[in-house]
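In case you want the letters, here they are:
There are 2 protein chains.
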Amino acid sequence: MVIDKYAPIGVFDSGVGGLTVVREIMRNLPNERIVYFGDTARVPYGSKSKNTVLRYSRQIVRFLQTKQVKAIVVACNTASALALDEIETEFDIPIIGVVKPGAHVATKTTVKKRIGVIATESTIQSNLYPTLIRKEAPDITVFGKACPLFVPLVEEGWTKDPITYEVARRYLAGLLEKDIDTLIMGCTHYPLLRSLLREVVGEKITLVNPAYETSQALKRLLRELELENPQPYWEKQESNDEKYRFFSSDGVERFNAFANSVLPYETKSTTLVQIDEF
Amino acid sequence: MVIDKYAPIGVFDSGVGGLTVVREIMRNLPNERIVYFGDTARVPYGSKSKNTVLRYSRQIVRFLQTKQVKAIVVACNTASALALDEIETEFDIPIIGVVKPGAHVATKTTVKKRIGVIATESTIQSNLYPTLIRKEAPDITVFGKACPLFVPLVEEGWTKDPITYEVARRYLAGLLEKDIDTLIMGCTHYPLLRSLLREVVGEKITLVNPAYETSQALKRLLRELELENPQPYWEKQESNDEKYRFFSSDGVERFNAFANSVLPYETKSTTLVQIDEF
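Quick mapping for you: the protein sequence lines, in order, are chains U and E. Start counting the first sequence at 1; every next residue gets the next number (this note's numbering). Start counting the second sequence at 1; every next residue gets the next number (this note's numbering).
No wet-lab data here; the hints were simulated from the structure. Bear in mind the structure is a predicted one, so any value in this text is a computation, not a measurement. Glycine residues also receive a C-beta, built at the ideal position from the N, C-alpha and C atoms. Incorrect hints may have been included.
BS3-like, lysine-lysine: derived pairs with alpha carbons at most 27 Å apart [as the list claims (entries may be wrong)]:
1. U:Lys243 - U:Lys67
2. U:Lys145 - E:Lys160
3. E:Lys178 - E:Lys160
4. U:Lys135 - U:Lys108
5. E:Lys50 - U:Lys268
6. U:Lys268 - U:Lys67
7. U:Lys50 - E:Lys112
8. E:Lys50 - E:Lys67
9. U:Lys160 - E:Lys67
10. E:Lys145 - U:Lys160
11. E:Lys204 - E:Lys145
12. E:Lys112 - E:Lys100
13. E:Lys112 - E:Lys5
14. U:Lys178 - U:Lys113
15. U:Lys100 - U:Lys112
Output of the computed footprint for chain E on chain U, the stretches with three or more beta carbons under 8 Å from beta carbons of chain E [to be verified]:
16. 38-49
17. 162-169
18. 247-257
Please work from the sequences and hints to get the whole structure.
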């Protein structure tokens, strides 16, 4: 394993949703360089099987290794739920996902010991959030709900729309009846629905954003491994386009457009990758 | 080219939507055997680029050729729009898509010379429906509208739901203002929304279902090439499971469940295919 503190962090997702994790890493670890890969040619993962998501994740890790990354963040709940265990042991590089940090914080947050999780079909079926939470605190009850329309609604741009509100109301009605006090937004697209979800669930439920928690977990991991980039970002000569590099397996213009609606600066330089060759 | 009249028809789609075409072939060409491939590991195609859809389509044609099919139906509007021209010339086997038959019938149907097309993002952007229609009848005006939420709404099972009605009303409002008298359901999932679309557009607009038109075009093609299966279906010894074979690149249980909601008989025997190896 090459240990180069100046090397970038590799971040990947099934598409553009993982950019909400990138945004948190940019904010909270401003010294770090980032290489992002979005698998837009095969998006979404949320309705696909473990074997398929695992195969795709392996290809992406191999691709990121060609970019000499020092650590990898699986910025996709589905891939974290279905593939993280395997790729963690198969590859000789530190890898973290978004599920564990989100589950951990929810466990610390809930007072009523009742947590809701909204996510894709595959993440819910994997049962990983409940499993991790109960491992930490067996007295907590977890209620899951798959919300397959949220991702296409976000990608349609209807993040503050009455239709989306109605869909959310219907998806969440069952969870609200369970008297939860904490709700995990278990898909990287969902934080983009935060204000609408807030309206639906009211003020008394804490919304957990695994993207933020993951950036904190990454910070701790880099510190532990002594892999933090020691060069403060304000001393750097490189531009944002050198510091942050974006790759996708399809539709780089679409990718750029979405990226620019999520990230704090304008990116124009996404590069196309034939990911099934890795 | 092997010419075997008893050989099956190959049919493919990005996922399960093409089963509406299979259903029409079963009804209208009951003598024919079918091999269906649904690319559920990479679904949907509707938001992906021409290059990617072309690469995927080539792999699928190569797979279907291993099943000794005598002709291929591209039962996916996006793949028909983005890949048909190329694969038609590259492969030595008769191939038809769903766009041309749908466009042709709409041209014959419209009296006002004003046609609407609803489809995926990529199909609309390809401009193929307007191009084909104007080639036949330059005096016809075509209005397109991408409806990216329809596929996930159908897959959620909300085909008769007030939310879907509201989404449809919003998507179609602009087209209805254009005084169209014919509307092409330019995505294989959309016929499953037929009764809801009928409510939204009223009785005066003709809904064109390219799936039905494609089965008729296939019938003419087989007759022309003298490739019709001469053995009447009532004389056959084989069961439906032998006559109709289903393959998908992921989630065979999910595939079966959807297939059984669309097809006129129960199928249990979908086989998993690693499609990127073809």
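Which of the listed hints are not met by the structure?
Going through the list in order, the structure violates hints 7, 9 and 13 and respects the others.
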